[in-house]
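This is what each chain is made of:
Number of protein chains: 2
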Amino acid sequence: MQQIYINQLAEHEGEEATLKGWLYNLRSSGKLLFPQLRDGTGVVQCVVVKKDVSPEIWESLKSLGQESSLIVRGRVRADSRAPGGYEVDVTDAKVLQATEGYPITPKEHGTEFLMDHRHLWLRSRRQHAVIKVRHTVVRAVRDFLDDEGFTLCDAPVLTPAACEGTTTLFEVDYFDDEKAYLTQSGQLYNEATAAAFGKVYCFGPTFRAEKSKTRRHLTEFWMVEPEMAFATLDDVMDLSERFLSNIAARVLDERAEELKVLERDTAKLESIVPPFPRLQYDEAVKILQEGFERGEVETRFEWGGDLGAPDETYLSGRYDRPLMVHRYPAAVKAFYMKRDPERDDLALGVDVLAPEGYGEVIGGGERATSLEFLEEQIKAHELPAEAFEWYLDLRRYGSQPHAGFGMGIERCTAWMCGIEHVRETIPFPRMLNRLRP
Amino acid sequence: MQQIYINQLAEHEGEEATLKGWLYNLRSSGKLLFPQLRDGTGVVQCVVVKKDVSPEIWESLKSLGQESSLIVRGRVRADSRAPGGYEVDVTDAKVLQATEGYPITPKEHGTEFLMDHRHLWLRSRRQHAVIKVRHTVVRAVRDFLDDEGFTLCDAPVLTPAACEGTTTLFEVDYFDDEKAYLTQSGQLYNEATAAAFGKVYCFGPTFRAEKSKTRRHLTEFWMVEPEMAFATLDDVMDLSERFLSNIAARVLDERAEELKVLERDTAKLESIVPPFPRLQYDEAVKILQEGFERGEVETRFEWGGDLGAPDETYLSGRYDRPLMVHRYPAAVKAFYMKRDPERDDLALGVDVLAPEGYGEVIGGGERATSLEFLEEQIKAHELPAEAFEWYLDLRRYGSQPHAGFGMGIERCTAWMCGIEHVRETIPFPRMLNRLRP
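So the protein sequences, as listed, match chains A and B.
1 is the number of the first residue of the first sequence in our numbering; add one for each residue after it.
1 is the number of the first residue of the second sequence in our numbering; add one for each residue after it.
If you're looking for bench data, these hints aren't it; they were derived computationally from the structure.
Treat the hints with care, since some could be wrong.
Same chains, same label: a pair holds when it works inside one copy or across any pair of copies.
[What the hints assert, rightly or not] In the SDA-like style, the derived pairs of lysine to any residue whose C-alpha atoms are separated by at most 20 Å in a straight line are:
| id | residue 1 | residue 2 |
| --- | --- | --- |
| 1 | Lys-213 | Glu-178 |
| 2 | Lys-213 | Gln-97 |
| 3 | Lys-31 | Lys-94 |
| 4 | Lys-213 | Asp-176 |
| 5 | Lys-179 | Arg-436 |
| 6 | Lys-213 | Tyr-174 |
| 7 | Lys-213 | Ala-334 |
| 8 | Lys-94 | Ser-370 |
| 9 | Lys-179 | Arg-208 |
| 10 | Lys-179 | Thr-168 |
| 11 | Lys-50 | Ile-6 |
| 12 | Lys-179 | Ala-209 |
| 13 | Lys-94 | Thr-369 |
| 14 | Lys-286 | Phe-221 |
| 15 | Lys-333 | Glu-375 |
| 16 | Lys-213 | Phe-113 |
| 17 | Lys-94 | Val-49 |
Here the structure is a predicted model, which is why all the values come from computation and not from measurement.
Working from the sequences, and respecting the hints, build out all of it.
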C-alpha cells in the first residue's frame, strides 16, 4: 500500500490512505482509542472504534507505548477542531514494534539528559520545528546566492595554516607526522576563487577550539561565506541587507507552523527588511558612553576595544532590525582587512548585529589589495610567511578590490526561532563537554 | 559605473557598459588591440582602436600582462563570429594592476606545478568549467531532495567512534586529551534523524585517511546521504535512478557551454535515464566468470569478494547507463546492513556503477532493524559496544525498515565532466601528498 504523509492529508480527503509512523500519544475513552501518529511531516489524530476493527488490532493498540512504530490505514476526514485540520478513522493497523519505556516522556527532563538522548530528542515537536527552520535557512541562503550568480566553491576543512590566529585550532594528524588544522573560515580560499569566478561562496562546517561555554558557541558550526571580486564595504552591507531579509521572508513563508510551535513572535521577523541602520564604530562608542552616563550600560566603553555581548545587545536593542556597525579600529580586526583610506587606524569591516540580543550574525568587510601592506601585516602578526605565499599571489596577479562576509547558520537559526541556545539549532551539537552522541 | 557581467552582454546589446575583470589574452595588429577580458562569468573579446582612445589608455593596454586586473568601458556589439556572440568596442579603460610574470602560461605545465598553483589554476577555462559543473551537481542534488520532501539534517564531522572500521580515520585532539575522529559517513546519524523526520539527508565533507593514490580518491570529499524511514532496498534503487538522471539532466541543461569546453560527449549524459539495469551480485559474478573464460577479464572473479575497479568497469561497460548491482555477500558489506530474508549470506545492499569506468558512484541499501542482530554484529566486528548504545536505541524505540545511500560529489562531477581524475573536481583537493594550498 502506497504510503502517504501527514502533510499530504488535504490531498486525500475522503480517501482510504496508509500512514506509517510512530505513536506520539494515546488517549482512550471506553470503546474509542485516539492514537496520535507522527511521521516526520506532522502529527495526526487517529480514531479507532472498537467495533470497527478486529479484536487483534484493538488489543495491539489499546496500551501501545510511546514511539512504537506502526502502519495505519484509514479514511481521511476533515475536522476543523483537529490541529492539522484532519483526522483519520482507522480501518486497519499493524504494529511493527511495540516500544516500552521510551526515555523522553512529557515530564520535564534536564538539559544534559536531553542532550545525551539527542538522537531521540529530535523527535520532539520543538526540536523538530527548530531543525525544520534550519533547513529553510540553509535553503534560503543557497537559493539566494545561486540566483544572484554566486558560484559554490567549497573551501577545504583540512588546512595547513590558520586563517585568524592559532590558539583556537583543532589539530589533526595528517600523513607522515604532518599536522593539519580544522578550518575556522574559508575566507582566504574565497579570495582565490572570487578572482576566478567573480562572485563565490563557500558553505561548510567550521571549527573553533574555544574553551568557552556560552549559549552562542559551538565547537563545530556551519558557516556561509560569500565573496565578491570588484566589490567594496558598501557592497557587503547592501548584500547583507538583502541576504538577511530574504532569509527572514523565507522562514516566515515556509515555516509558519514551526514558528507557532516555537511561540515565535513573528512581528520580530517581519521587521527584518531593508534598509538596516548603519552606524560607524565611532558613533557606536559615543552611544555606549552616553548609555553609561545615563546608567544604562554597566561599564564605560572605551574607543579601541571590540564590542562585547552586552555592548552589542545595548546597541542593537535600539532598533527593530539588524544594526550594521562599520569601520572598527584596525587593531581589533583581522590582518587582511583593508584600511579606511581616510583614517588609517580604521578597518573597512562591518559586523551585523541581530536584534533581541542575538549578537553578531554577520562579520565581513573589504580586503586589503596591496601586496606590501599584507607582507607587513603578516610580519607584524608573526604569522608564518611561507604559509601565506599562495595568498599573496592573489595580490601579485590581478589584485582588485574585493569584499565578503561570513554568517554562522546556527546563530541565524536561533535568532529566527527565537530560542536561547544554539545547541538546539544543529542536529548533533559539539561543544566543550559534548562530543556525543 | 554599474558593473555588468559577460554572461549578461546579450541584455546590453548596443549599450555602453562597464566590465570588470582580468586580461585573459592580448593580440595586437597595428593600430588595433584585441584584449580578451575574463570576469568569472565568461570571456569576451574587446576591440581597442588607437585613434578612439587617449594615448595613456593605449599605452597602458598595449603590452599588458596576462591576468592584469582592469575596468573596461565600451559599446556592446553583436558579432556572430565571436565566441560568446558579442564583442566590446572599448571607449575607456583603467588598469587596476598591471601584472607581470603570471605563472600559468598557455604552454604545458606539469600536474604538480598546477596543483601547487591551484589558487591560480582555477582561473583557467577548463578548471573553471569543472567547478561550474560541480556547482550544478550540488544544486541539482539539493533541489531534488528538498523538492521530494527530504529534510536537511547535517551530521557532525567530529565523531567519537568510527562508522565503518577504524583504520582509515583521521584523529583529532579534542579537549582534555579526548580524541575525536573526522567522519567517514553520516549514515548512523541519518538513521536517527530519519526516525524524527521521515526522509532526511546529510551533505557535508567526509574524510578517509587512506594511503591510496588513485585517480578516484581524495582524503577530503563531499558526500550526500539520503535516508528514508519505512523504506526498502527497492526504494533505494528507485530513488537512485531518479536522483542520478535528474543530476545529468540539470548538467546538460545548465552547463552546455562548460561541457563544450570540456569536450564532453553529451550523448553519454543523455543516456542516463531510467530504468537502470539491475543485476544481482550472483549474476554479476557469472558474467565476470564468463568474461574470464572468453579472455575479456584478466583474473577469475570468485563469489564472495567485493568488486574491484576492473570488475566494475567490465560490468558497467556492458550498458550505456548506470548499472545497479545488489545483494552482495554480507561479509563484504557494513555490519548494519539488513540480511536478505531469503538468503542470510546476502546483504540488502546496492552499488550503482557509473558507465565509462567511473566506478561506484552510489552505495547504499536497507539497514538491519533487529536489536539482537545488531548487538551480535557489533560483538562479531569487535566494535566498542558502548559507543553504539545510542544507535541501538533506534532499534529499541520504534524500529522500522529504513534505507538510504551515499554519493560522493566529486566522483559524480568527474563522471559528468568526463574527466579522468577527481582532483580537478573540488576547488582545493586534499590527497595523500597534498595539503596545500
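When no copy is named, should Lys-179 and Thr-168 be tagged within, between, both, or neither for a Cα gap of at most 20 Å?
Classified as both: same-chain Cα gap 15 Å, cross-chain 16 Å, threshold 20 Å.
With identical chains treated as interchangeable, where does the CA-CA distance between Lys-213 and Glu-178 reach 20 Å or less: within a copy, between copies, both, or neither? between (30 Å within a copy, 17 Å between copies)
request  = Tell me, please, which holds for Lys-286 and Phe-221 at an alpha-carbon limit of 20 Å: within, between, both or neither?
outcome  = Neither. Shortest intra-copy (34 Å) and inter-copy (48 Å) distances fail the 20 Å Cα cut-off.
**Study point:** Within, between, both or neither, where Lys-333 and Glu-375 count as close if Cα-Cα is 20 Å or less
**Key:** For Lys-333 and Glu-375, only the intra-copy Cα distance (16 Å) is at most 20 Å; the inter-copy one is 52 Å.
**Asked** For the identical chains here, do Lys-179 and Ala-209 meet the 20 Å Cα criterion within one copy, between copies, both, or neither?
**Response** both (16 Å within a copy, 13 Å between copies)
**OP:** Measure nothing new, just compare the shortest in-copy and cross-copy C-alpha distances for Lys-213 and Asp-176 to 20 Å and report within, between, both or neither.
**Re:** Classified as between; 15 Å across copies, 34 Å inside a copy.
Problem - Lys-31 and Lys-94: within-copy, between-copy, both or neither at 20 Å Cα - result: So Lys-31 and Lys-94 pass the 20 Å test inside one copy only (19 Å; across, 85 Å).
When Cα atoms must be at most 20 Å apart, do Lys-94 and Ser-370 count as within-copy, between-copy, both, or neither?
between (70 Å within a copy, 17 Å between copies)
Self-check item: Status of Gln-97 relative to Lys-213 across identical chains (alpha carbons, at most 20 Å)
Solution: neither (40 Å within a copy, 46 Å between copies)
How do Lys-94 and Thr-369 come out at 20 Å by Cα distance, when the copy is not named: within, between, both, or neither? between (67 Å within a copy, 16 Å between copies)
(message) Within, between, both or neither: how does the pair Lys-179, Arg-436 come out at a Cα-Cα threshold of 20 Å?
(response) between (25 Å within a copy, 12 Å between copies)
Q.
Reference check for the pair Lys-213 and Ala-334, CA-CA at most 20 Å: within, between, both, or neither?
A. neither (24 Å within a copy, 37 Å between copies)
The earlier numbered hints that this structure contradicts are 2, 7, 11, 14.
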